[in-house]
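With these hints in hand, go ahead and build the complete structure from the sequences.
Sequence order for the protein chains is A and B.
Just so we're aligned, residue 584 is where the first sequence starts under the numbering used here, counting upward by one.
Just so we're aligned, residue 8 is where the second sequence starts under the numbering used here, counting upward by one.
Keep in mind that the hints were calculated from the coordinates and are not lab data.
One thing to keep in mind: the hints can contain errors.
[Unchecked claim] Pairwise CB distance ranges, derived in the manner of DEER restraints:
{"hint": "1", "chain 1": "A", "residue 1": "Asn649", "chain 2": "B", "residue 2": "Pro13", "range": "54 to 60 Å"}
{"hint": "2", "chain 1": "A", "residue 1": "Gln985", "chain 2": "B", "residue 2": "Val426", "range": "37 to 43 Å"}
{"hint": "3", "chain 1": "B", "residue 1": "Ala69", "chain 2": "A", "residue 2": "Met851", "range": "46 to 52 Å"}
{"hint": "4", "chain 1": "B", "residue 1": "Pro13", "chain 2": "A", "residue 2": "Thr639", "range": "39 to 45 Å"}
{"hint": "5", "chain 1": "B", "residue 1": "Val115", "chain 2": "A", "residue 2": "Glu1019", "range": "25 to 31 Å"}
{"hint": "6", "chain 1": "B", "residue 1": "Ile221", "chain 2": "A", "residue 2": "Leu623", "range": "57 to 63 Å"}
{"hint": "7", "chain 1": "B", "residue 1": "Pro212", "chain 2": "A", "residue 2": "Thr986", "range": "19 to 25 Å"}
{"hint": "8", "chain 1": "A", "residue 1": "Ile1053", "chain 2": "B", "residue 2": "Glu74", "range": "55 to 61 Å"}
Note that beta-carbon positions come from the ideal geometry of N, C-alpha and C, so glycine has one too.
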Amino acid sequence: MSYIATLFPAYAEVFLLCMIGVILIADQFVAGQNRTFTYLLTQLTLLGCSLITVGTHVDGIAHLFNGMFVDDLMSDVLKLLTYLAVSMMLVYSRSYLIVRGLFTGEFLGLTLLSMLGMMVMISASNFVVLYIGLEIQALSLYAMVALQRDSAVASESAMKYFVLGAMASGFLLYGMSMIYGGTGSLDVRTISAVIQHGQANTMLLVFGLAFLVAGLAFKLGVAPFHMWVPDVYHGAPTAMTLLIGSAPKLAAFAFVMRILVESLQPLMVHWSGMLMVLAVLSMAIGNITAIAQTNIKRMFAYSTIAHMGFMLVGVLSGTLDGYSSAMFYAIAYVLMTLGGFGMIMLLSREGFEADKIDDFKGLNQRSPWLAFMMLILMFSMAGVPPTIGFYAKFAVFSAAVQTGHITLVVLALLFSLIGAFYYLRIVKLMYFDAPESHEKLTLQPDTALLVSINGLAVLLLGILPNSLMIVCAASVQQSLLLH
Amino acid sequence: MIFGYPLLSVVIWLPIVFGGLVLATGNDRNAPLARLIALLGALLGLLVALPLYTGFDRMTSAMQFVELKPWISQFNIHYYLGVDGISLLLVLLNCFFTLIVVIAGWQVIEKRVAQYMASFLIMSGLINGVFISLDAMLFYVFWEAMLIPMFIIIGVWGGPNRVYAALKFFLYTLLGSLLMLAALLYLYFKSGSFSILDYYQLPLPMNAQILIFIAFFMAFAVKVPMFPVHTWLPDAHVEAPTGGSVILAAIMLKVGAYGFIRFAMPIAPDASHELAGVMIALSLIAVVYIGLVALTQSDMKKLVAYSSISHMGFVTLGLFLFNAYGMEGALLQMISHGFVAGALFLCIGVLYDRVHSRQIVDYGGVANTMPVFAAFFMLFAMANSGLPGTSGFVGEFLVILGAVKVNFWYAFAAATTMVFGAAYTLWMYKRVIFGPVANDHVRHLHDIGGREKLVMLSLAVAVLLVGLYPLPLSEILHASVNDLLVHLARSKI
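Right under this line is the structure:
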């Protein structure tokens, strides 16, 4: 077998990297603001990636590059969803960016590059590879936030994002080096085996673990490491906010799984306690602070913090059910976030950002259909059935109850009640209040269609969540049991 | 499946599908079409539910028309439907009132007609789902989902303080529901199933039963509403549009009592006995104290709202007496209160549409200008005060009879409602309807038209029929009530 043929589990990454080059070069020869050619080429790349990922799928686990790279069901599922999220994000943001003069070749290139980073994170089976994936993703995102050069707010938030992100990376690296010192390896499976045989100094490992968890918390944006989230969400152009808020969370979930679960499972007693603190703080700070926001992007930022807290409740349960519920939560979250930000961009026009909460006033009178879609998204975020958000919370809580975290679940229920208030407020503004302007909405047909599909998917997956749940459970089971 | 098609699924989904169709008619230019489709949907909804009554086997307490399909295999959740005598009557009541509400809102609602009608149809389907579900998660999904249309109805078509009322309504109910979710999760891990009927057989230690009962209490007592958690109801009623008030009083409140019957009592029978004293005390406080509060109201809707709380106190009292009289009385009281409170809210709606005031002082001498209306209103007011021959009497009498068997003073306290109920209802009636014509508004009133007459007449017939000949209802209930009492008598510790 030739060397190239042995690379098949990473074909998607290789293909993507080549296409990034092609798109960047081709973009030099495309005239006009719309960049229809390179835009379509980008979407085709995403389609190609999905076909390759599906085509190279194997039953079982394939390792590559001396076990540094892994291809299992979980990675395939998460990658496919990442392509989907990025593709939807491009549809949502195209016209938004065109009118702001930001729809450049660099935007497309950086988007795909950050996606490459996510894919590497998802498939990494070695701490260094994980770190490289994380940095590819993060550096591209820093640059994207700063893409709007003439906006002071955007530059400021890019700076904040970069400085805090670099610090988090430092934490991660420090933690990784401690683990390396304790176990003598950077390989996920070897670390797990060494710890299990009790050949490592637990003290040293837990010391490293604390830094790893802190670094992870920064990247996930959970309290008390959440300070960057609202500023970056608020300052970045909405398209970039959407990218930051959606697909990277899938990669971050994989990151948590690979580091905490696959390699440091034997230290679960330690990390599960740390995650519990993070989860409770995030749910509390996220949900309570969100009430006071008047900017919807900031509100979504705090809501993200809260959602990540809920997701951690699933992870810290430490059972297969817990991990699969966290995965389901991450997927549900991405779907809802895409819809929410898509709606903001749909309502924005040239020179007008629909990012104030009041901009949603009376939406029902201006466009009943869009108001209905937003209603579904809001109730889903609040966790009211029959929407996917309910099952996400349900699965997470059920995993936590099963492992005896009753107090935690009661707290989580309480915070989700508080959270329901600010989502309801959006519904209230859309349905109960009179619109501030009666100007006719000019909607992009493709964006409007996608928002509708997105909203209906949230509802439909809420009525029939079974298949997605089975996929999550199977992915987690395969990654952990056949390990 | 006796009918060759999944009857219960049709009962749930037909109104929801029609709701979707009504929504599709779009803006108010197509309002006549929206009304027509809504009427058709409500009518069909009632017609497809009727075979439930005719095909119902009165001899057995087992669930009938059962449908069972896997739904979410990860959690062993099933799409599990079935009716017994108790849920059957409530489903019929709900379908009937959906039709009434659609007709009653025919001309009154002028803005966003399609959304108004669709909300009621969708809610009707969801409430049917609540009554029919035999899987706890399926129940929970319908239970929560029905909040959404109600929230919209109160908030969009309600009175001046509607936003406050809508939010209060939603958050109050959500708090209770989340605690119920915690209890359901606990039961799931104990039994490995979400089937409600499995829970009936599940042995549970006393302290677990008490906690489960309290969680269910929080969810259902808010909906009933029972004494300390009742404050959302007057706000919601006053601000809701007429149709919303009718459904709220006639159906939504029954959902809470139904929850006690379906969940709290048979799943935690020992805790029910243990806490029966508290439940009876809270019920009697509702009956007596809230009755007195109703007496002082100057707003008609608020008065009927408080009267509803007081009457629902009878229902919870009857349930926790643990004898056949109390139980059957409570159930008949639920049906009867549905008709009577619904009718009273419609009457107030008729006045409000004409004068745009709910204050009693703004009326007086309405009998002079609206004689037909005054006659109907009289009948419903009498029924609300529990006059023999009307539906209000049957339930209250049976509950008091049941209470005497347990403790004379329970019965005594409960019987005071016969006095208070008559006092606040008839006093309001007197001030609004009798006396000289109070002002120009009243002088220019025109009597109810054909559409309103039809609505009033059908309700009047129902009220009298239940009052004079309750047998068709009670024979449906018998087997299920006895079965419930058997479950309650058996300790699960």
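Here's how the hints hold up against the structure:
1. A:Asn649 / B:Pro13: 54 to 60 Å: Check passed, 57 Å falls within 54 to 60 Å.
2. A:Gln985 / B:Val426: 37 to 43 Å: For A:Gln985 and B:Val426 the Cβ distance comes to about 54 Å; the hint is violated.
3. B:Ala69 / A:Met851: 46 to 52 Å: 47 Å, holds
4. B:Pro13 / A:Thr639: 39 to 45 Å: This hint holds: roughly 43 Å between Cβ atoms.
5. B:Val115 / A:Glu1019: 25 to 31 Å: Distance hint for B:Val115, A:Glu1019 holds at roughly 28 Å.
6. B:Ile221 / A:Leu623: 57 to 63 Å: 60 Å, holds
7. B:Pro212 / A:Thr986: 19 to 25 Å: 21 Å, holds
8. A:Ile1053 / B:Glu74: 55 to 61 Å: 22 Å, violated
In the structure shown, a violation is registered for the earlier hints numbered 2, 8, in ascending order.
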